[in-house]
Structures are given as C-alpha cells and as structure tokens.
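Below, each chain spelled out in residue letters.
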Amino acid sequence: MGSEAIIVFLIAGIVLVAGANFLSNLISHKSDNPQKREPYESGMTTIGPTWVQFKVGYYLFAILFLIFDVEVAFLIPWAVVFKDFGAIAFIEVLIFLVILGLGLMYAWKKGALKWE
Amino acid sequence: MELSSFLSMRHEILLLAITLLVLIGEIFIPENKKHSIVHMAIFLFGIHTITGFLPTVETSLFGGMFRTNGMIHFFKNVLNIGVFILLLQSADWLQEKVMVQNKGTEFFILLFSSLLGMYFMISSGDFLMFYLGLELSTLPVAALAAYETTNRKSSEAGIKLILSSALASGVSLFGISMLYATSGSIYFNDIIEMITSTDLTILGMILFFAGLAFKISLVPFHFWTADVYEGAPISIASYLSVISKGAAVFILMILLFTVMKPLMHVWENMIYVIAVLTMFIGNLFALRQQNMKRFLAFSSIAQAGFILLGLIAGNQLGTATIVYFVLIYIFSNLAAFGVVQAISLQTGKENIKDYEGLYRTNPNLSLVMMLALFSLAGIPPVAGFFGKFFLFTAAASEGYYLLVFLAVVNVTISLYYYLIVVRAMFLRKSDNPIPFFKNKVYMRLGLLITVIGILVLGLYSPLYDYIYNLSGIFN
Amino acid sequence: MIRALSITRSIHDWLYSSMSENMAYFIEMVLIAIVYLAIFAVAGLFLVLIERRVAAWFQLRIGPNRVGFQGLLQTMADALKLLSKELTGTEKADKFLYNLAPYFVIITALMALAVIPFTQDFQAFDINIGILFLIAISSIGVIGILLGGWSSNNKFALIGAMRSGVQTISYELSIGLSLLTMILITGSLQLSEIVEVQKSGWLIVQGHIPAIIAFMIYMIAGTAETNRAPFDMAEAESELGAGFHTEYSGMKFAYFFLAEFINMFIIAAIATTVFFGAWLSPFGITESIPILGVFWFLAKAMVLVFLMMWFRWTFPRLRVDQLLTLEWKYLLPLNLMNIVIMALIVWLNLTIQF
Amino acid sequence: MIPGISIYEILTITSILFFIGVYGFITRKNLISILISVELILNASVINFVIINKYLYPDMLQGVLFSLFIIAVAAAETALAVSIIIGLYRQISSVEVKDVETMKY
Amino acid sequence: MDILTLFIIVPILTILALVFTKGLKQARIVSLIGSLVQFGMAINLVFAYFKERAVNSDIMVFTKDVVWFKEFNIHYNIGVDGISVALLLLTAIVVLAGVFISWKMNDLPKEFFVSLIVLSIGVYGFFISLDLFTMFVFFEIAVIPMYLLIGIWGTGPKEYSAMKLTLMLMGASAVLLVGILGIYFNSNADGGALTFNILEISKVSIPIEAQKLFFPLTFIGFAVIGALFPFHTWSPDGHASAPTAVSMLHAGVLMKLGGYGVFRVAMFLLPEGAMHWSWFFIILATIGVIYGAFAAIKQTDLKYINAYSSVSHLGMVLFALLMLNKTSWNGAILQSLSHGFMTALFFALIGMIYERTHTRDVTELGGLLKVIPFISAIYVIAGLASLGLPGFSGFVAEMNIFVGAFEHEDMFYRVATIISVSAIVVTAVYILRVVGIMLMGPVKNNAFLTLEKVTWYEKLGIMLLLIPIVGMGVAPLWLSDMILESLHPFIQGVL
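Chains as they are written, first to last, in the numbering used here: chain A, 1 to 116; chain B, 1001 to 1475; chain C, 2001 to 2354; chain D, 3001 to 3105; chain E, 4001 to 4495.
Bear in mind the hints are in silico, worked out from the structure with no lab data behind them. The reader is advised that the hints may include incorrect statements.
Computed, partial: chain B to chain D, Cβ under 7 Å [to be verified]:
| # | residue |
| --- | --- |
| 1 | A1142 |
| 2 | I1162 |
| 3 | S1177 |
On the chain C side, residues computed to face chain A include the following (Cβ under 7 Å) [said to hold, decoys possible]:
| # | residue |
| --- | --- |
| 4 | M2029 |
| 5 | L2087 |
| 6 | T2088 |
| 7 | T2090 |
| 8 | P2102 |
| 9 | M2111 |
| 10 | N2153 |
| 11 | N2154 |
| 12 | L2173 |
| 13 | G2176 |
| 14 | L2184 |
| 15 | M2251 |
| 16 | D2321 |
| 17 | W2347 |
Glycine is no exception: its CB is placed at the ideal position from the N, C-alpha and C atoms.
With the hints as extra help, turn the sequences into a complete structure.
So, in structure tokens, the structure goes:
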C-alpha cells in the first residue's frame, strides 16, 4: 500500500470520532442546567481568568527540546548511512555530540534544567 | 579528502576550538575567577588573528560546499582584525558591567559563533552552506542584541533584529528555491553553467538579494538598523555595522560577480536604484538624529550605499576596491563606535548634545572621533578618502558618471552631519561637559589600532596592490 | 497491505476481478480502514480490561469478572455506557479547539498503528522512513492533549496539559535517541527491513550492552510518553482532578482514554519491533507459518505491556522536577554516550550475530 | 510524487503560503503572530525545495537536504525569538507590537 | 629629499613638533621657526628655479615621479613652473605673516597653529602637484582645517559660516571629482594607459564631447573656491567670521587655488571645452566682478568690504583666464599674486584695528590716522594698491588683464571687458570711502585715544606683505618674465 494509506487512516480516524460523537448524541439523554456549564473546579466557581501566564520553565524546556529534537533529526540520516562510512562518520558525529554535550552541560550549569 | 586539507579550514577549526575552550572555561572555572575568561578570550583570539596570516592554498572541500582561496582567506583576516579590535574595545564594558552579572562568556561564545558563521558564509560553495552561514552569523547577534536583559530597549532591539532577519532570510530562501528550480543545483559552480536569464531566475535572484540586503541594511531593508543599533549594546551595534556588514558585502560581491554574472544586466539596474536610494535615505535620516548610535546607524546605511558603487562596476577594480573600502570602513567605524563606547561606559551619555565641549576635557578621544568621522566622510589624508575615491573611480570606469555625481552629492550631505558631531566636540562649549577620564589599557589599545589604521591604510599603497592581485580570482 | 493472509489475497483478487479498478481500489481501502478500526477498538477495550485485571492481581483482588467470561465484556459495557452519556462541555471553552482535540489524539494513535508490522506483510503502511514516521506521529499526539487542556478553560486542565506537554516533549528526545541507537545496527528506518535484519538475532542481542541500555531508556521514556504512572503528572487525580481531560465527558473522554491505551500498545509494539524481532519467533521455530507471527508479535507486545502496568503499580508518582531531572540530567546524557558506544560497536563490528 | 497533482499546483500553494506569511508579517500586531508568519514563509520555502527536488530533479537529494537544514535553522530561530519575547514580556507584560516602539526614527 | 617634497615634509615636521609643545609661547616659537624655514625655502626655490630654468627647458622643473597606486596609475608626481613658484612664494610669505599676526592667540594655541599649518600643507601640495589625484587630495586637505579655524577661533556667526564654507567647498570638490574622473577615463583617447598625470593628459586629445561635458564640472569645481558668482556666498561669510590670520590665508592663498586649478586643469587639459563654454563663464565672471564691487560699497563691516572686494578681484582673475589670451593670462597670474599680498595685508590691518577698537563697523570708526598712524598709513597704501594705482602691484596686474582682454575682436568679449573695467572705478569708490570715513576726520570715540601701539611682531607681519606689493609694482618684469615663460605650453596647448 502506498502513501495513500495515510489519507485512509486520516479519514478513518475522523470517521471514528465523528461517528461516535454522532452516535452518542443520538442515543444520549440530554438535560441542561447552568451548573453543568460551569467549569469543574472542585465545586468552587473559577476565580480570575483561567488562561493565565505560565511559569517560564515550560517555555524553557520547550526551547531546549526544540534544539535537541532538531539534533535528532540530524542524527537519523547519519545513523542510517553510518555503516557505509565508518571512521569519518564516527569522528564527525563525535565532534557533533561533544559540542552538543557541552551545550547541555552549559544549560545545566546555568540552571536551565532546574525546575523551581 | 585528506585530513591535511582541513588545514585550509584552519580559520574555522581554530575559531571553533576557541569557542569551545571559552565554553569549557565557563563551565569549569569557578565563579570568583570568571573575569580571567575575558583575558583568555582576547588572548586566544589575538593568536587566532595572527595565525590567520599564514599563507594558504586554494582548495575546495566537501564536494565543493566549502571553498577557500587567497581572497577569501584575506577577507577572513580582515574580519578577524575587526573583531579583535572590537574585543579590545568591549573588554572594559564586559568586565565592569557584564561579568558582575555572571554572563560575560556568552558574549564571546555568541560573538565567535557569529564570526564562524561569517567564515562559512564567505567560504560557501553552495547555497546550503551559504544559508547556514548566514543564519549562524545572524542568530547569535540577535541574542547579543537582547543581551542586556534588564534593558527594555535591548530586548526590543533583539526582537526587531531576529524578526526582520527571519523575514529576510525567508524571502531569500524562497528566491534560492527558485534558482534551484531553474538550475537544478544548489552548487555555485553548477549554477554558473546552468543559469539563464529567465523570468523565474530573475525573480529568484531579486528575492535572494533580500537576505543579504537585509544584512547590509540596504534600503528598503534598513528599517531594523537604527532601532537595533540604538537598543543593542554598543559593541553589538558596532559589530553589526562593521563585521556583519562587511562579510555580507563580500559574499554578495562573490555571488553577483560569479554566480549571477549572466544576469548582470538585471542586477546592474537593481543596484543602481538601490544604491541611490540607500545613500539618500541613509544620509537624509542621519541629518536629524540626536543619538550617537542612531546617527552612526544611518551613517552606516549610507556607507553601504557607497559600497554598492563598487559592486555595480562588476570588474576587478570594483572587487578590489570593495574589499579595500570595507577594510578601511572597519577601522573608521570601529574608531567611532569605540569612542562612543568609552564615553557611554564612563558617563552613560550617548547623545550628540552631550558631546559638546568634549575636546576641552578629553582631547584624545575627540581627536580619535574626529579622525574616524573624517574617514567616514572621506576627507584626505585619512583612509576613508582613498576608499571612497576608488569606489567612485570603479563606478566611473563603467561609465556611471551620474551615479558618481549623486554619490558625491551625498558625500557632501554626509559631511554636514559628520561635521555636526565635530562641531559639538570642538566648537561648542558646554556648562556640563563630559568630565575627563582615563581609559583602561584594552580600550586605549583598541582605539590606537584603529587610529593607526585610519592614518596608514590609505597612504600605504602596497596594501591595495596586494588586494588587487588577490581579487583577480573573481573576475 | 495485508498480503500474507491468503484470505485477504483472495478478497483482493475477487474485488479486482468483479468490478472496475477504481471501485475495487476504493472498496479495498475501506476494508483496510475497517479492519484497522476494529483492531483499534478491540485492542483498546482489551487493554483496559487487562489493566484492570493486572491492577487487581497486584492488589490481591479479583477485578472485573462478572460481565461475560471472566469479565471479558466488562469494558464493552463500559464503552456502551460512555457512548450513551451526554456530551457536555463548559460554556467558556474554546469550542472549536475543544472539539478538535480528540481528533488529534485518535488520528495519531490510528496512524501509528498503521505502520506496526504485526506479521510478515501484515502492515498497512510499510514506509521507508517508518521509525521517523512513528516519532513524528507520536509528537503530534501531544498537541491534542495541549489543545484539550488549554481549550477547556479550566485551571486543572491547563496545568495538566502544560505538564503533559513538557513531559512528552522531554521524553520524546529519549525515545528518538534510543531508537536511533538501534538504527545504527539496522541501517534502515523501514520497519520491515528492521525485522529482516533481526533474522540473524534480535537486536537486543545483536547490540548487547548498549542495546539493553537503549531498551531500558526506551521503556522509561515510553511510559512517560504515554502519561502513565509513575509519570502521570498530567492527570494526577489527587492534585488536578482529572488533569487535561477534566472537562471532557462521555465519549469525548473515552477518546483520550482509548488513545492512551492504544499508545501504550504502540510503545510496546515499537519496542517489540525494534528490540525483540517483531513477529520473528525465537530461533525461527515457526518461520514456515507466517500467520503465527501475529501470535509472536502480540505475545511479545503483551509482555511489554505487562511490564508497563507493572511499573504503574510499583512506583510512586514522580514530582515534575524529578521527572525532568531524570530525563535531562540522566537519560539524555546517558543516551548520547550510548549512541557513541553503539557507533563504536557497529564500526568495529562487535555486534553479536548468529 | 503525488499522482494527479502537478508541480504548478503545489508551487501555487507555496506561493500563496509565502504571501500569506509576508502579509501576516506586515499586518499582524502581535509578536508571536509575526513569528508564526515568518514560519509560514520558511515553510513555503521548505515545501518548495522538497517539491522541486521531487518533481524536477529526483536523482539528487539536494533540495530535501536543504529543507532539513532550513527546518533546523528555523527551529533555532524560533527558540531564540521566543526566548527574547519572553524576556521582553517579563519587562513590559505585553507582546504587542505597539508596545515595542520606544525607539522611532 | 628633493627641493619640492620638502615643502610638504617641513610643515609635517612642524606639526609633529607642535604636538609636543605646551602653551602659547612654545607653540608660536615652533611655528615661527617652521614657517621661517618654509619662507627661506621659498626664496631659495625662486633662485634655484632661475638657475635651473637657464639650463632646462622642460615645462616643469624639479620634477619627481613616484608610483603610488599603480592600478589606477596614480603617481606622486610633483614639479613646478614659474607660476607655481610665484604662488609658493606668496604662500610662504602669507603663512609667515599669519604666524606673526597670530602672535597673541591665547585660546588653544597649539591647535590653532596645527590647523594653520595643515592648511598650508594643502596649499603647498596643491601648487606642486602634477597629478590630478594628488592635486585633489591636497585641495581637500586645504579645505577642512578652515572649518576648525573658523569654527573655533572665529567671531560672529562662526558655526554657520564655517559650515557653509566647508559644505560649499566640499560640494565643489564633489563636482570636481566627477570632472577629474571624466578626464581620467578619457585620458586613453590616443591609445595609451589611463593616467592622472597632467602633462601626459595635455598631450592627449580628449574627445570633444567629453571635453564639453567635463569642462563645466571641472571649471565650477575649482572656480567655487575662486569665488565665482553665484557660488561666492561662502566667501564673505567665511572671511567675516574667521580670525585674522585665517582670513589672510583664506583670501590671500586659498582662493588662489581656484584660479590656479582652473588654469592648470580645466583649461590646460580641456581646451576645446574651454573654447566652447568660455562665453557662459565670462558672463558669470563679469557679473562677479561688478557685483563684488557694488556689494562692497554697501557694506559697513570692514571684513565684508574686503571680502566682496576679493570676490570682485578674483572674478577678474577668472575673467582674465577665460579671455584665452597670453597677456590677460599673465595679468591673471599677476592679479592672483597681487591680490594675495594685498588682501592679506588688508585683513591683517583690519584684525589689528579690530583688536584695538573692538569694532569692525566703518561707521563707528573715525580719525584713526591720528591715534594709530602706522596702521592707518599702511591701510591707505594697501587701498591704493587695491584700486590699481601705478607703482603698486595691482596696477601691473590689471593693466595686463585689460590690455589682453581688449585684444579680442569679438564684440561680446569687448562688451564684457568694458563692463569689467568699470569695476575699477567702483573699487576706487569703496576704498576711498572707507579711508575717508575711518581714517580721516575727528576721533569719534574717546576710547580710541588710548589705543595700544603697534607691536614689533605686527610690524614685521605687515612689512612682509607690504614689500612684495611695492616690489611687484616697481619691478614687475622679473616676475612677469617668469610667468610668461611658463605660459608657453599653455599657449601651445590651448590657443
């Protein structure tokens, strides 16, 4: 099966969710009251806006992830052809990883990995 | 590929090693001895600068992605000298203002990374390497521009720089993709053979031009310049205006003269218009500036316009003169920024008005400033005159007399605002002048080198001969 | 294409002989989709049951055993119950994103399922960048969670989503890197080829020490990736209500629930494929009957699933900082070193092969 | 190579994407939106490279390789931009363009 | 070191020495020594020139040619003929007199003398250059110190005047630059290499079209500093604001660069262009002559009077040059020299008067002859020289100019000449008016009765300038010979 499989599965997923939703809507018992529409918060009403500013740590890790994930993207092609190249590929990737490791150590040292 | 051929990459390898050393130093040196990193970095970079002058051979590595020859090598040395002076000038600032916040080493790491990017950019043999170099040279500078994290202007400068650079490189990439579509390769050597003057190629070239025009801050890609210069730390402003611009001019020259030679009839007209616009807009906006950094920003835009005069010539004279001019420009602008830096560090004053009466309190600084401004304006016998004269000669050699005329009109305009600063320093008297202060050793050394450069480079003609002989490679 | 099974072959032939090519093609696609949807649903329901039984077993109780034989239909009944529940939602929610989130999690789980090689040729989508595809798809799942948590307009949900986000992206690195370690041996990203390579020994044997390390890292990261205990900060019920899906009810909640279990299975399946020879039987004992591969595959996967459940009922929940410390300060450096070691082993040809 | 879809259609899409990005960059009032616009431009280029490679020059992988690097660089760019925006946000509690205009002319 | 390069080296050494001085006394001594040496060298050059000329019939003597930028064929190429020698002598004398006049320069003395000497380097270099590039370099070097000199040590609206002066002159040099580049890129018309060398270019026949295009550029470029109407406006303002010594140098020497440049570059290298355009520039020059003279009548500020008279006189120089005639050329050069000495003397005297009375307004002065007789007497003499009284240098120069001009048969030239001649009458009016109001009559202000006596250094400065004026008037022939001889190549080339 070629690349159209991806479309097939996409459609299948949509059909599954939409179909089940439809079915559920069809057979479920419906009742409405204002309390039901309140957000769930341990029985209390929500205080203040919900979409609040988040601590910067989350962004920091997102940024770190971005950097290291890209590095994975570079390693994958390397890993695939590694057998064909041997020594040169090994040395090059060693340099790459050493720099990367230094970067990680730097981030560590600077407290970027600390969750406060 | 032999390992010995890596020797021709020694600029890159050495600089990378230095960067890593500084990084290791940052990780392992205890807090109370951190200030030694400044000395270490400057010392190492000094050695790097000197070793750069060892001879090299013409090579092409990684299947043509990386290439080097005498001219490229020389230009890397030029950049090295510029950065070395810059480091000397920023050493005091780093030690007094930045190391106390425990983040001085990032300055070196980022700066060296950026320089490394420029090496790769000017050594690139294909668009991939070029693009990587371009980005590697821009991104760290954006981080550096936002370096003073407690200063709102600095953050603004950073965000402006990175967003506009991202836009420019995106547009540029789109252009590269068009060139790739028409020529089927991203290697310069293949493109030279394949490129023809079709609509798509021309559009691609124009879009591609945007990325570099941004770095050189040519009109209409100059909007970021003044804001970033004003907000960023002075060292970074001067780095942007000198080193970054120089490298971009150089690679633009290589690309236009080699890869896009078949499209010369197109880019000639394009550069003609842009040169005129850049000179006029840069100069006219510079007239109304009050802040020294913004002032120098617009002045550097105008200077970029002058550089295009050498570009438009498209011959060996143009090539040699651009390099020569950039070299001179590095010294002149660094001298000007150095003085601004020194004064700003000591007193925090950055406005032209604050400079009134400077000569009577700090004669040496104001003399350096005057020389620098005269060199920028193109007044003999300082070096800037020779650079400008040769640029005009190069443009005139292809018959662009009208352009030369417009350029010299601009020289006159520019003289006016350079003289405004001179006037403030020498002619005016102030009730509250900048008090006398003595610079530290590094700053004095940095300024001294620039002054020697300004005074000697123009008069010393063998240098021009040397550059001229090297520049034959591209024509 | 499910070619190995002769029944599918005959269906295929019949379709193409009895109607126009486009029509046949279309129907075939629909059939495949139905088959995988069925696998999806059955696997999900079955895994929930297993989870409950295993939980009961660990806690020395019996677990669901009333509905059907040994409670086999228990989850079916649960699903029916969920289906018949009202789909509520809060007033303040960002409706569009709120409804969109389940699609993300379900579609990604389904797509990941598509590339799993159940047995020889029993693989809907044998793409040549299989592993990369898996990694890519699995990172889309987290968007669904983030969307769901964010759009609910509920602080618990938002916190849960953010935690889930930071956790998933962190451990994704480890997943990628540990799989990368194994790619060094196989030299291919295509899952069928990876299986092929393992005919001369499962990779965990071929790669010996680094492979075992990689496997361990993979299992830890995989558990974290699916937001399962002990890494279930995203839905830590004692702190956050129900975490990111606090505001989801009925069927919409079921999607998240279902996807989580399918993801667990997918993690186990990938581990099976990459480390334990997928459908290959030990020492090739059933090589001649490819259909038995399904059995071997599921057996191996179930062992790994059991392992993950074991984790759940053994370890206490981590704090966020511990979780991140584990990943960034231990697993990631270890992983990087592991890659170098593996590269060295491959380069010097020190792998064990039969 | 997708059957039934020619390179022109895809290139049209990427061009539209590109101009949406440019338009967004110019008109958007929020720094994050601007950043996203820039990403659109970059993505347009990425798709361009891959498509051109796939359709016109399938025997060499230059375009695909290029796109990989563009993605990497774009990631770095975004990381940096976001961190600068965060730094700015900490000072002025805003990511609106109108609030980062302290320097003009 | 050859005799001409020393003209550059000695001032540079003087500057270096000045850098290490402290205070007024050291500074003025050092600069006095420097300019004395320079003066001696100039005198020596005159004798050496005659000696050399007797055996050497080249156009230029004492030539030296060093390659500088070989890609552009730029040479450091120097040499002199009679005209240059005369102008060098003028420069040396005026600079020396300027140092004397600035004897009491209290504010930033070191910087003052350095700027003054930098200015003189530019002028010396300009007069000895035979290469367009070096000529241009020295031209610009001469302009910039003016900015500081006027801006720092000047009076009145000094910043405005300094800026105006600098910008107009730099604007002129911008135009000039295009002209020079045009000449350069047409200098291979006969198939040779591109060159900046004046002598070599003069042998090349530059295409007529190029000549017509580049002559006005080159002419205007130089003529602005020679105060060509309507580009003269920088000159009166500059003069008025400048300190005494600077006014002297400015009017006496710097403005001569214009005439010299026009003659040596524009007309010598682009003769066809000169023929083509002469009518137009003659009109401008004539207007300048008349306008300058009439404007001088209107002024009450002594410096403005002199400044406008300079515009008038230098307009006459340009006018004479454009007449394209041997006699009038001779007159033009003589007028340059004569005006140089004379106007320097005027400004020196005005400076002295101003120092004592603290006003330059003619209407506030009166009866000075009674209180400062020496200065007043010299003023009268200078005035008489200025209006062309026989026996003084002005007469010789103007005679030559008008005799030469009348030789033209064309009606247009004759009319222009007649108009210009009438300026002499106007000159007499304003000179005598000033003499009458300022020197004669009763003492208007009692404060004038206690004016300081003329000091020895002032006397020395004045005498230095007065002697050549009288000398040229009484014995003009040796100078005239020297100049006429040097005009031969021009006559061959242009006419």
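| task | Check each numbered hint from earlier against the structure, then list the numbers of those it violates in ascending order. | result | none
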